[in-house]
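Asker: The listed protein sequences derive, respectively, from chains A and B.
When we follow the working numbering, the leftmost residue of the first sequence carries the number 6, and every step to the right adds one.
When we follow the working numbering, the leftmost residue of the second sequence carries the number 6, and every step to the right adds one.
Careful, some of the hints might be misleading.
[What the hints assert, rightly or not] Pairwise CB distance ranges, derived in the manner of DEER restraints:
| no. | chain 1 | residue 1 | chain 2 | residue 2 | range |
| --- | --- | --- | --- | --- | --- |
| 1 | A | Asp459 | B | His454 | 54 to 60 Å |
| 2 | B | Glu306 | A | Ala269 | 25 to 31 Å |
| 3 | B | Ser314 | A | Asn213 | 28 to 34 Å |
| 4 | B | Glu447 | A | Asp459 | 49 to 55 Å |
| 5 | B | Ile302 | A | Ala269 | 44 to 50 Å |
| 6 | B | His454 | A | Gly165 | 40 to 46 Å |
| 7 | B | Ser314 | A | Leu140 | 24 to 30 Å |
| 8 | A | Glu201 | B | Tyr54 | 25 to 31 Å |
| 9 | A | Arg61 | B | Thr449 | 27 to 33 Å |
| 10 | B | His454 | A | Gly399 | 35 to 41 Å |
| 11 | A | Asp459 | B | Phe400 | 41 to 47 Å |
| 12 | A | Gly399 | B | Met51 | 32 to 38 Å |
| 13 | A | Glu105 | B | Ser314 | 45 to 51 Å |
| 14 | A | Pro487 | B | Glu306 | 58 to 64 Å |
[To be verified] In silico DSSO-like pairs for lysine-lysine, Cα to Cα no more than 30 Å straight-line:
| no. | chain 1 | residue 1 | chain 2 | residue 2 |
| --- | --- | --- | --- | --- |
| 15 | B | Lys136 | A | Lys136 |
| 16 | B | Lys115 | A | Lys120 |
| 17 | B | Lys136 | B | Lys115 |
| 18 | B | Lys452 | A | Lys115 |
| 19 | A | Lys112 | B | Lys115 |
| 20 | B | Lys136 | A | Lys284 |
| 21 | B | Lys120 | A | Lys455 |
| 22 | A | Lys319 | B | Lys136 |
| 23 | A | Lys120 | B | Lys452 |
| 24 | B | Lys284 | A | Lys319 |
Treat the hints as calculated values from the structure; they're not laboratory data.
Keep in mind it's a predicted model, so treat the numbers as computed, not measured.
Beta carbons are placed, not taken as given, at the ideal position from N, Cα and C, and that holds for glycine.
Number of protein chains: 2
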Amino acid sequence: VQSTGLRLEPGLPQSFKMFGLLPFADPLDREAFDLREEGLRHPLLMAQYQVLDAGRFPVIIQLLGLDPLARSEVARRLLEWMDARHIRLVAFVGGEGEAETRPWLWKFWKRLPPKGKAGLFLSTWYDSLLKDQILQPDAATLENRAEDINRFEKLLTDEGALLIKFALIAPEHDIKECVRGRLGRKKKPAPWKFSEEDEAIGRVVLDNYAHASNALESLCALTSPPHARWSPIAAGDDRAREIMVGEAVYEALEARLRTPPAPAGVPGLPAHRGPNVLKTLSLDQPLKREDYEARLILAQERLARLTTSSAFEKCACIIAFEGHDAAGKGGAIRRLVQGIDPRLLRMVPVAAPTDEEQAQPWLWRFWRHVPAPGTVTIFDRTWYGRVLVERVEGFAQPHEWGRAYQEIRDFERSITEGGTVLVKFWLAISAEEQLSRFKAREETPHKRHKITPDDWRNREKWEGYQSAIHDMITRTHLDRAPWIMVEANNKLFARIKVIETVCEAVEKAMRGGRKA
Amino acid sequence: VQSTGLRLEPGLPQSFKMFGLLPFADPLDREAFDLREEGLRHPLLMAQYQVLDAGRFPVIIQLLGLDPLARSEVARRLLEWMDARHIRLVAFVGGEGEAETRPWLWKFWKRLPPKGKAGLFLSTWYDSLLKDQILQPDAATLENRAEDINRFEKLLTDEGALLIKFALIAPEHDIKECVRGRLGRKKKPAPWKFSEEDEAIGRVVLDNYAHASNALESLCALTSPPHARWSPIAAGDDRAREIMVGEAVYEALEARLRTPPAPAGVPGLPAHRGPNVLKTLSLDQPLKREDYEARLILAQERLARLTTSSAFEKCACIIAFEGHDAAGKGGAIRRLVQGIDPRLLRMVPVAAPTDEEQAQPWLWRFWRHVPAPGTVTIFDRTWYGRVLVERVEGFAQPHEWGRAYQEIRDFERSITEGGTVLVKFWLAISAEEQLSRFKAREETPHKRHKITPDDWRNREKWEGYQSAIHDMITRTHLDRAPWIMVEANNKLFARIKVIETVCEAVEKAMRGGRKA
Numbered sequence: 006v007q008s009t010g011l012r013l014e015p016g017l018p019q020s021f022k023m024f025g026l027l028p029f030a031d032p033l034d035r036e037a038f039d040l041r042e043e044g045l046r047h048p049l050l051m052a053q054y055q056v057l058d059a060g061r062f063p064v065i066i067q068l069l070g071l072d073p074l075a076r077s078e079v080a081r082r083l084l085e086w087m088d089a090r091h092i093r094l095v096a097f098v099g100g101e102g103e104a105e106t107r108p109w110l111w112k113f114w115k116r117l118p119p120k121g122k123a124g125l126f127l128s129t130w131y132d133s134l135l136k137d138q139i140l141q142p143d144a145a146t147l148e149n150r151a152e153d154i155n156r157f158e159k160l161l162t163d164e165g166a167l168l169i170k171f172a173l174i175a176p177e178h179d180i181k182e183c184v185r186g187r188l189g190r191k192k193k194p195a196p197w198k199f200s201e202e203d204e205a206i207g208r209v210v211l212d213n214y215a216h217a218s219n220a221l222e223s224l225c226a227l228t229s230p231p232h233a234r235w236s237p238i239a240a241g242d243d244r245a246r247e248i249m250v251g252e253a254v255y256e257a258l259e260a261r262l263r264t265p266p267a268p269a270g271v272p273g274l275p276a277h278r279g280p281n282v283l284k285t286l287s288l289d290q291p292l293k294r295e296d297y298e299a300r301l302i303l304a305q306e307r308l309a310r311l312t313t314s315s316a317f318e319k320c321a322c323i324i325a326f327e328g329h330d331a332a333g334k335g336g337a338i339r340r341l342v343q344g345i346d347p348r349l350l351r352m353v354p355v356a357a358p359t360d361e362e363q364a365q366p367w368l369w370r371f372w373r374h375v376p377a378p379g380t381v382t383i384f385d386r387t388w389y390g391r392v393l394v395e396r397v398e399g400f401a402q403p404h405e406w407g408r409a410y411q412e413i414r415d416f417e418r419s420i421t422e423g424g425t426v427l428v429k430f431w432l433a434i435s436a437e438e439q440l441s442r443f444k445a446r447e448e449t450p451h452k453r454h455k456i457t458p459d460d461w462r463n464r465e466k467w468e469g470y471q472s473a474i475h476d477m478i479t480r481t482h483l484d485r486a487p488w489i490m491v492e493a494n495n496k497l498f499a500r501i502k503v504i505e506t507v508c509e510a511v512e513k514a515m516r517g518g519r520k521a
Numbered sequence: 006v007q008s009t010g011l012r013l014e015p016g017l018p019q020s021f022k023m024f025g026l027l028p029f030a031d032p033l034d035r036e037a038f039d040l041r042e043e044g045l046r047h048p049l050l051m052a053q054y055q056v057l058d059a060g061r062f063p064v065i066i067q068l069l070g071l072d073p074l075a076r077s078e079v080a081r082r083l084l085e086w087m088d089a090r091h092i093r094l095v096a097f098v099g100g101e102g103e104a105e106t107r108p109w110l111w112k113f114w115k116r117l118p119p120k121g122k123a124g125l126f127l128s129t130w131y132d133s134l135l136k137d138q139i140l141q142p143d144a145a146t147l148e149n150r151a152e153d154i155n156r157f158e159k160l161l162t163d164e165g166a167l168l169i170k171f172a173l174i175a176p177e178h179d180i181k182e183c184v185r186g187r188l189g190r191k192k193k194p195a196p197w198k199f200s201e202e203d204e205a206i207g208r209v210v211l212d213n214y215a216h217a218s219n220a221l222e223s224l225c226a227l228t229s230p231p232h233a234r235w236s237p238i239a240a241g242d243d244r245a246r247e248i249m250v251g252e253a254v255y256e257a258l259e260a261r262l263r264t265p266p267a268p269a270g271v272p273g274l275p276a277h278r279g280p281n282v283l284k285t286l287s288l289d290q291p292l293k294r295e296d297y298e299a300r301l302i303l304a305q306e307r308l309a310r311l312t313t314s315s316a317f318e319k320c321a322c323i324i325a326f327e328g329h330d331a332a333g334k335g336g337a338i339r340r341l342v343q344g345i346d347p348r349l350l351r352m353v354p355v356a357a358p359t360d361e362e363q364a365q366p367w368l369w370r371f372w373r374h375v376p377a378p379g380t381v382t383i384f385d386r387t388w389y390g391r392v393l394v395e396r397v398e399g400f401a402q403p404h405e406w407g408r409a410y411q412e413i414r415d416f417e418r419s420i421t422e423g424g425t426v427l428v429k430f431w432l433a434i435s436a437e438e439q440l441s442r443f444k445a446r447e448e449t450p451h452k453r454h455k456i457t458p459d460d461w462r463n464r465e466k467w468e469g470y471q472s473a474i475h476d477m478i479t480r481t482h483l484d485r486a487p488w489i490m491v492e493a494n495n496k497l498f499a500r501i502k503v504i505e506t507v508c509e510a511v512e513k514a515m516r517g518g519r520k521a
């Protein structure tokens with residue numbers, strides 16, 4: 006690959022006033038373009054195949070800019086140079102549909118490329134934010150959303166993704182020409198799609214270019230941390246722009262193939278001091294069977310009324326179950342389920358990841374189950390496996406589970422901020438109670454399938470689990486996603502506490518209303 | 006499992022007037038229920054685990070009926086008896102969303118349970134048809150849709166699914182009581198969800214029960230072929246109904262575990278007589294490079310205009326590529342792609358099925374890529390692999406590829422009847438041309454990755470492939486999904502023919518308008 010003439014800025018510090026200071030590159034004539042293209046194409050394609058064969062990381066290419074056509078033009082060129090079959094194109098041209106009712110990143114979660122493949126994002130997770138900042142600027146929203154994005158991109162890169170972000174910057178005059186052409190003030194027919202969003206932004210560009218340009222600049226400045234810098238591509242000239250992008254993609258692929266990144270994330274945690282939260286529980290709680298039966302029916306009826314009410318149609322509810330082995334999760338879930346119209350219910354048992362799940366960030370297999378409004382999703386074991394079994398058994402590296410607490414907090418915030426109720430249960434039993442339940446299971450023929458050698462092995466690591474549980478509870482107990490500790494030596498008590506707690510959480514949420 | 010007292014009809018012949026003749030079962034008192042339940046629960050659960058452990062087939066349980074609550078009640082009981090974690094509940098309580106713009110079975114395709122699991126369908130593929138027949142009866146629609154359903158269920162059962170269909174029949178008086186309660190003419194609050202659909206049907210049930218009941222009966226009668234019979238459950242009494250369903254599920258699981266079904270489907274095809282369609286082609290078509298270049302740009306611009314036009318927003322387009330190895334699919338696709346706004350484009354390269362895909366009917370991995378309106382999806386190799394490489398190499402059994410022609414016709418009809426344009430290309434080259442291209446690839450360093458030992462092995466089976474291609478073309482050449490044979494010894498000619506053909510197909514569809 007030749008690398009003469011045009012230079013690409015490798016990245017920008019936070020406060021860089023990028024567009025004003027960035028020199029526009031000279032146009033590239035046909036001959037010069039052909040020469041550069043000839044040097045680029047084969048190496049770029051080979052690098053793409055190496056990434057594909059290695060299958061170790063996904064490539065996420067984002068294109069952002071004010072020129073409504075530049076993104077399609079650049080993408081078209083990349084599709085010509087690379088093997089389009091292994092590029093997942095991501096663009097939203099129609100309405101939001103289902104995505105409106107989910108966390109705002111949901112539609113991108115679903116479309117991330119798997120390891121080995123590239124995703125070319127013509128609609129990016131910056132688009133709605135950029136549009137809002139152009140049409141209705143609001144500094145607080147900008148900062149909050151930018152922070153969401155930085156966290157999300159950190160998760161992606163920590164999980165191995167190669168992130169390449171291009172801000173396509175054309176001279177003011179060129180953009181205005183283009184927008185004018187698209188808004189019907191010129192005769193030439195539109196070669197590419199021009200969405201309503203493009204049009205809204207285009208009108209601002211014509212009326213107040215400086216404002217639109219500042220909005221783009223601020224957004225990029227706020228979202229250029231070291232792990233995910235923007236590469237501004239400053240060229241009005243199509244050929245120059247395309248060659249620069251192509252060369253930058255090639256360089257990024259090559260660099261990544263040559264030098265795998267160091268493991269990212271906090272390496273584990275210091276041992277905690279002070280008492281374990283589990284020690285503060287009185288695990289034996291009284292509840293007589295006759296009281297249990299009366300309260301069970303009442304609680305189930307209450308839950309049925311709540312979840313079939315019209316107010317609930319705008320909420321959704323996730324109920325997450327964790328607990329010691331044999332703590333009675335299955336039994337508690339069975340009673341809970343009886344209070345929910347099966348039409349509104351989804352069950353998610355956590356099993357070994359499928360190969361499609363393994364080709365994605367670790368949270369992806371939970372992202373895909375984020376519920377639709379008006380429904381209840383029950384997870385039997387959850388994303389907390391990352392900081393429990395995967396930590397204790399060493400299936401995850403310390404830097405992986407070490408950063409998972411933050412990743413989980415971000416995930417749960419993204420769920421709850423749309424109004425979804427999230428209730429997390431830890432079912433706690435004592436070591437003695439567990440032993441007696443294990444033995445009972447072994448002795449009861451129809452319960453024998455419920456006890457495996459794994460259960461006995463886990464039990465030997467009881468103390469390791471107790472520490473991991475303590476860290477988990479204390480680090481992920483959030484206002485809107487609290488841990489509910491369930492004293493479960495008495496199964497009857499535990500079952501009632503579970504259902505009544507869910508009812509209270511739903512009632513509270515419905516009183517509060519759904520946040521838009 | 007006890008099996009005294011109540012009997013379940015095993016199935017019904019086509020013309021059986023089922024509801025009038027079916028005796029209603031006696032109510033079951035608490036004691037009798039407890040006894041039957043005790044005999045049922047453990048065997049049912051163990052049978053479920055056996056199905057899960059075997060992982061060989063999915064279980065699809067459908068619940069249909071006029072009583073708006075019966076389905077939820079029965080499902081609730083099954084969830085109590087079985088392990089709810091391994092049951093995928095399928096119900097649609099909100100709007101259609103994305104599903105409105107896809108083939109009508111699409112939302113069910115997406116939610117089929119994988120092998121080993123059970124799907125409990127509270128919303129079934131009968132619902133919309135039943136509703137239409139109750140609210141706006143139309144015999145032609147009924148028959149067409151019923152036929153669609155029979156074909157779909159045949160595919161499912163041929164692919165191994167265990168299909169269990171319950172028509173829940175309550176006495177007229179009971180249903181009316183229930184509907185009245187739900188429509189607000191009684192005071193008791195609603196325990197389960199009552200959708201707008203339930204309400205619409207409920208009103209007809211109150212006004213004209215015989216009509217609603219006849220509609221259900223006709224629908225069931227038309228959709229009871231031997232491989233997918235309805236089991237009517239005739240009981241107004243909740244306990245009797247639930248026990249009968251539970252016992253029937255158990256019996257179906259047991260029977261299936263004991264006796265695996267015989268391979269279903271036509272065992273292959275007779276050797277074809279007469280000339281091979283491939284022989285009728287003049288593979289060498291003239292086109293000079295300068296003419297090619299001029300026509301290429303025109304064709305790409307024409308395609309860009311068409312696919313970005315507002316008329317196309319209601320269409321969608323699938324372009325399917327098959328052809329001899331080295332026939333130039335990749336090059337043709339690359340030129341085609343250049344005429345499509347990347348924002349509207351999706352590429353689907355056909356690779357080995359993932360494990361999620363392997364747990365589903367063979368067409369599932371194509372169902373999942375049925376495009377949204379306004380977009381173009383390009384398949385590089387397609388579902389025709391079933392009757393090409395899988396047939397010739399023996400990866401599919403003769404009874405599997407033998408029935409695939411019909412399955413493919415059904416699939417393509419379901420795509421095109423909604424207005425999606427489907428263009429299927431066969432790129433044909435001669436054996437000599439292939440040989441010279443293989444050699445050229447081996448000699449060109451940057452094309453060497455395009456030739457593998459597999460290509461040489463396939464070439465040795467040239468004649469076997471020629472027969473398979475002939476059968477495929479002649480059996481799946483449909484009015485609305487025609488095969489386009491592309492004479493591809495001259496690559497330039499082939500590329501132009503591909504793009505111009507796509508343009509013509511889209512133009513024709515837009516002239517015709519989208520069929521609702």
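Asker: None of the hints should be skipped; say for each whether it holds.
Answerer: These are the hints, each one checked on the structure:
A beta carbon spacing of about 44 Å between A:Asp459 and B:His454 contradicts the range 54 to 60 Å that was offered as a hint. Restraint check, B:Glu306 to A:Ala269: a C-beta distance of roughly 46 Å breaks the suggested window 25 to 31 Å. The hinted window of 28 to 34 Å between B:Ser314 and A:Asn213 holds, with their beta carbons roughly 31 Å apart. Checked against the hint of 49 to 55 Å, the pair B:Glu447 and A:Asp459 passes, with Cβ atoms roughly 52 Å apart.
Roughly 47 Å separates the CB atoms of B:Ile302 and A:Ala269, a value that falls within the hinted 44 to 50 Å. Between B:His454 and A:Gly165 the CB atoms are about 24 Å apart, so this pair departs from the stated range of 40 to 46 Å. Evaluation of the 24 to 30 Å hint for B:Ser314 and A:Leu140 yields a pass: the beta carbon distance comes to about 27 Å. For A:Glu201 and B:Tyr54, the hinted distance range of 25 to 31 Å is not satisfied, since their beta carbons lie about 53 Å from each other.
Roughly 28 Å separates the CB atoms of A:Arg61 and B:Thr449, a value that falls within the hinted 27 to 33 Å. Range check, B:His454 to A:Gly399: about 38 Å between beta-carbon atoms, so the 35 to 41 Å window is met. Between A:Asp459 and B:Phe400, the C-beta spacing of about 36 Å breaks the proposed range 41 to 47 Å. Checked against the given bound of 32 to 38 Å, the beta carbons of A:Gly399 and B:Met51, roughly 35 Å apart, stay inside it.
A:Glu105 and B:Ser314 have their C-beta atoms about 27 Å apart, which leaves the hinted 45 to 51 Å range violated. Between A:Pro487 and B:Glu306 the Cβ separation comes to about 59 Å, which falls inside the hinted range of 58 to 64 Å. In summary, the hint linking B:Lys136 to A:Lys136 is not supported, as the alpha carbons are separated by about 42 Å, beyond the 30 Å threshold. A hinted pair counts as satisfied when its Cα atoms are at most 30 Å apart, and B:Lys115 with A:Lys120 qualifies at roughly 23 Å.
Of the supplied pair hints, the one linking B:Lys136 and B:Lys115 holds, its CA atoms being roughly 22 Å apart against a limit of 30 Å. Only pairs whose Cα atoms come within 30 Å are accepted, and B:Lys452 paired with A:Lys115 is rejected, the gap being roughly 34 Å. Restraint check for A:Lys112 and B:Lys115: the C-alpha separation of about 17 Å stays at or below 30 Å, so the hint holds. Among the hinted pairs, B:Lys136 with A:Lys284 is inconsistent with the structure: their alpha-carbon atoms are about 57 Å apart, more than 30 Å.
At roughly 22 Å between alpha-carbon atoms, B:Lys120 and A:Lys455 fall within 30 Å of each other, so this suggested pair holds. Under the criterion of a C-alpha separation no larger than 30 Å, the hint pairing A:Lys319 with B:Lys136 is consistent with the structure, at around 26 Å. The straight-line distance between the Cα atoms of A:Lys120 and B:Lys452 is roughly 24 Å, inside the 30 Å bound, and the hint therefore holds. Pair hint B:Lys284 plus A:Lys319 does not hold up; C-alpha atoms about 62 Å apart against a cutoff of 30 Å.
Violated hints for the displayed structure, listed by number in ascending order: 1, 2, 6, 8, 11, 13, 15, 18, 20 and 24.
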